[in-house]
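Model the full structure from these sequences, guided by the hints.
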Amino acid sequence: MPECLKTVEQSPALDEGTHMSQNAQRILSNPKFQELVAKRSAFAWTLSIAMLVIYFGFILLVAFGKEFLGTPIGSGVTTWGMPIGVFTILSAFVLTGIYVRRANGEFDELNRQILEETK
Amino acid sequence: MRAATTRIAATVAASAAAAGTLLPAAVHAAGAVDGAVQKQATNYSAIVMFLVFVLFTLGITYWAARRTKSAKDFYAAGGGITGFQNGLAIAGDYMSAASFLGIAGLVYANGFDGLIYSVGFLVGWPLVLFLIAERLRNLGKYTFADVASYRFQQTPIRTLSACGSLATVTFYLIAQMVGAGKLIQLLFGLDYAIAVVVVGILMIGYVTFGGMLATTWVQIIKAVLLLSGASFMAFMIMAKFGFSPEAMFKAAVDVHPKGVAIMSPGAFVSDSVDTISLGLTLMFGTAGLPHILMRFFTVSDAKEARKSVFYATGFIGYFYILTFIIGFGAIVLILGKDANGAYPFLTAAPAEGVKAAVASVIGGTNMAAIHTAHAVGGDLFYGFISAVAFATILAVVAGLTLAGASAVSHDLYASVFARGRANEADEIRVSKITTVIIGIVSIILGIAFENQNVAFMVGLAFAIAASTNFPVLLMSMFWGKMTTRGAVLGGSIGLISACVMILLGPTVWKAVLGHPEAIIGYANPGVFSIILAFVGIWFFSITDNSAQAQKERRDFEDQYVRSQTGLGAEGASAH
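Chains as they are written, first to last, in the working numbering: chain A, -13 to 105; chain B, 12 to 586.
It is possible that part of the hints are untrue.
So the derived label-pair ranges between C-beta atoms look like this [unchecked claim]:
| id | chain 1 | residue 1 | chain 2 | residue 2 | range |
| --- | --- | --- | --- | --- | --- |
| 1 | B | Gly277 | A | Glu92 | 40 to 50 Å |
| 2 | B | Ser242 | A | Arg87 | 19 to 29 Å |
| 3 | A | Gly83 | B | Tyr55 | 35 to 45 Å |
| 4 | B | Val447 | A | Arg12 | 24 to 34 Å |
| 5 | B | Gly277 | A | Ala28 | 36 to 46 Å |
| 6 | A | Gly91 | B | Gly532 | 45 to 55 Å |
| 7 | B | Ser242 | A | Pro69 | 12 to 22 Å |
| 8 | A | Gln8 | B | Lys492 | 22 to 32 Å |
In case anyone wonders, no lab produced these hints; they're calculated from the structure. Virtual Cβ for every residue (Gly too), placed ideally from N, Cα, C.
Structure below.
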């Protein structure tokens, strides 16, 4: 492996020439690109954290709130654990939906403008 | 659990991981059936329906073969799969026979706890969407190694990624083959060896002739069949109770030996480190499985890649809710008397006034869903669900085989041996030859491992994916200071530590090799090997000041722009 590490090879993706690099520089300095990346990253991380909080919240209840999860709702046998578990599953779907809606709409429109301006 | 409250933080995290996870790797991906099984009477209606499925999918393979000309067609179905289709195919790839039968069996045996596992398997998907999917699509071409090696030296990173992919695929495939053999023996009454050979030959056929296009459609059809079958079962079960979950739960509590305890979480968590470890492994392993990552290159752009995950998450989540209903239905239908006052699915009727034991179900708890199909839909539907279980295995192994063949032809052959100078026709030929070899090897291994406990192999596959593929891929996309040296050394440390720790741990050293005590006490190495891989990548990158390393860091800007905007990304084929 050390021999391999010394040979200088380059990815075909970057061999296509310098135009990619010039375009990349123009995009990097485009304020719309800064805006896109800042907004999209913040949104993605917020949703990731939301998913983790919901999941770990559920798990913490499983670990430390067994009595609560096992408490019947009203007079039947159905416990609070059931709707809470189903809510956790649904939340995963809803969060992906929220992300895709904004990313494929607002963010992709911004992205399209950036690529347009770079041509 | 309570005894551990002195170290609350650690325990909390442990329980958290436990939740997703306890038995899961095995339930999720390995054979649905462990241990010796009794060969059943030949099930003709299942065989006929399975033959219809095979003929239909071979027809699709013929159609796909005529449209598969270029390398892009072969590896990525020409990039022309829509987000919706890909979402179904991902679901078809992810919902294995074992997760259907295993989770329904778990709910049947333990009630609520089954839901905890389902949740654990699902929550990794949103993270794949938010952090990985669109970057992967923008940067890659056919394999995740395209992305991992984007701005680095091709030979070392592709070699490492190919090793990681092949190891993951091989272990996963052996577990699937052995599971398939046993399941088919049980459902169809066919010999184990015949079942394994049939699975092997069909998967070679789909992949060699039809490439990714055929594989995708086999997965889509399987997903539709499985979701329809499971929906029908859940509907019939709910109809029995006037669509009242309360009525269903009440009936289940009345006949289950654990009584009302099935409505709340049971006892979890054995060792806190082990459970954290398994949780990490499953979450990150899913994001490092080469056959799952490869699916993102079949769509035209980042927009469709995002839609794929949205639909996949929806289908998979819906499927887990169905298996939960089916599991509770199984409790009532298997452990309770039928209309004639008999117990048709138990090995022996319980004594008067005693509740039936969960384990007395014919064929073991993993058969709970199959018996339930019989109870709600009669012989014909029972045959249908058996055929769907077989089809499910085929769809999963076809995806695995294609991912393994691509690692050899696209990463090793075209980029490493031929240094990018191989022509497409050669590359496809190598891929097809590799497919045949992988097929034959997995038939041989499947037969050789018939009587072995292969559950550890799935754990190993996930551990390698989480400790090698995932850290290198994630860091290559997010961390501009990573260098070739850091990626190769860090990834190798992850790979080696995961393999060695599993070898010396209780699952192999003690259970398989028969030593009295394991050298390493943890069954799941993830928490160690994943952290070692990340630390290794970080350390060997920041200490790398070679000219090559400087260049790689400068190239990150190009990669960053492309990963965010898709500038210069691979589009779909014209046709």
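Here's how the hints hold up against the structure:
{"no.": "1", "hint": "B:Gly277 to A:Glu92: 40 to 50 Å", "in the structure": "holds (45 Å)"}
{"no.": "2", "hint": "B:Ser242 to A:Arg87: 19 to 29 Å", "in the structure": "holds (26 Å)"}
{"no.": "3", "hint": "A:Gly83 to B:Tyr55: 35 to 45 Å", "in the structure": "holds (44 Å)"}
{"no.": "4", "hint": "B:Val447 to A:Arg12: 24 to 34 Å", "in the structure": "violated (48 Å)"}
{"no.": "5", "hint": "B:Gly277 to A:Ala28: 36 to 46 Å", "in the structure": "holds (39 Å)"}
{"no.": "6", "hint": "A:Gly91 to B:Gly532: 45 to 55 Å", "in the structure": "holds (51 Å)"}
{"no.": "7", "hint": "B:Ser242 to A:Pro69: 12 to 22 Å", "in the structure": "holds (21 Å)"}
{"no.": "8", "hint": "A:Gln8 to B:Lys492: 22 to 32 Å", "in the structure": "holds (23 Å)"}
Violated hint: 4 only; the structure is consistent with all others.
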